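S.K.: Given these sequences and hints, build the entire structure.
So the sequence shown is residues 297 to 438, counted in our numbering.
Hint data in this document are derived by calculation from the structure and do not stem from the laboratory.
Keep in mind the model is a prediction, meaning the values are calculated, not measured.
It cannot be assumed that every hint is accurate.
In silico EDC-like links for lysine to aspartate or glutamate, alpha-carbon gap of 16 Å or less [said to hold, decoys possible]:
hint : residue 1 : residue 2
1    : 334       : 368
2    : 322       : 361
3    : 418       : 391
4    : 364       : 385
5    : 322       : 385
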Amino acid sequence: MVIFDLDGTLANIEHRIHFIQGKKRKWRDFFAACIDDKPHEAVITILQALYPLFKIYIVSGRSDEVRKQTEDWLRLNHVPYHHLIMRKEGDHIPDTILKISWVHQGLIPKDHILCVFDDRNKVVKMWRDAGITCFQVVEGDF
297 MVIFDLDGTL
307 ANIEHRIHFI
317 QGKKRKWRDF
327 FAACIDDKPH
337 EAVITILQAL
347 YPLFKIYIVS
357 GRSDEVRKQT
367 EDWLRLNHVP
377 YHHLIMRKEG
387 DHIPDTILKI
397 SWVHQGLIPK
407 DHILCVFDDR
417 NKVVKMWRDA
427 GITCFQVVEG
437 DF
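M.R.: Here it is in structure tokens:
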């Protein structure tokens with residue numbers, strides 16, 4: 297399987313990053329604006345090329361309260377996948393803990409992971425520290 301992060305990896309989130317900068321982070325507004333994300337075409341093209349060969353997991357710290365908008369965005373931008381795993385509404389644990397917990401819980405079978413595509417420095421480090429190859433598609437430090 298190949299894992300792709302969503303925000304910052306498949307989707308360009310520059311237009312909404314201001315919601316989570318500074319002391320008062322507006323996560324609900326940040327997630328709600330996801331439908332207007334521009335696609336990262338190069339990353340999506342890689343995903344499309346891998347789709348016939350591997351199970352594609354999209355693993356996101358995005359709240360599942362915007363699951364429908366997320367699925368619509370993926371469809372509109374021609375992003376095929378087998379599994380979409382999202383943060384439960386109201387869960388605010390850091391992505392570095394959340395995503396690896398999905399591996400430990402068996403939602404993502406570690407033995408089947410070929411590699412991961414992600415953007416955030418801390419999350420990339422987390423994958424690599426777990427012994428999983430991770431390609432950092434852009435510099436991300438939010």
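S.K.: If a hint holds in the structure, say so; if it does not, say that too.
M.R.: Each hint tested on the structure:
no.: 1; hint: 334 x 368; in the structure: holds, 13 Å
no.: 2; hint: 322 x 361; in the structure: holds, 14 Å
no.: 3; hint: 418 x 391; in the structure: holds, 9 Å
no.: 4; hint: 364 x 385; in the structure: holds, 13 Å
no.: 5; hint: 322 x 385; in the structure: holds, 14 Å
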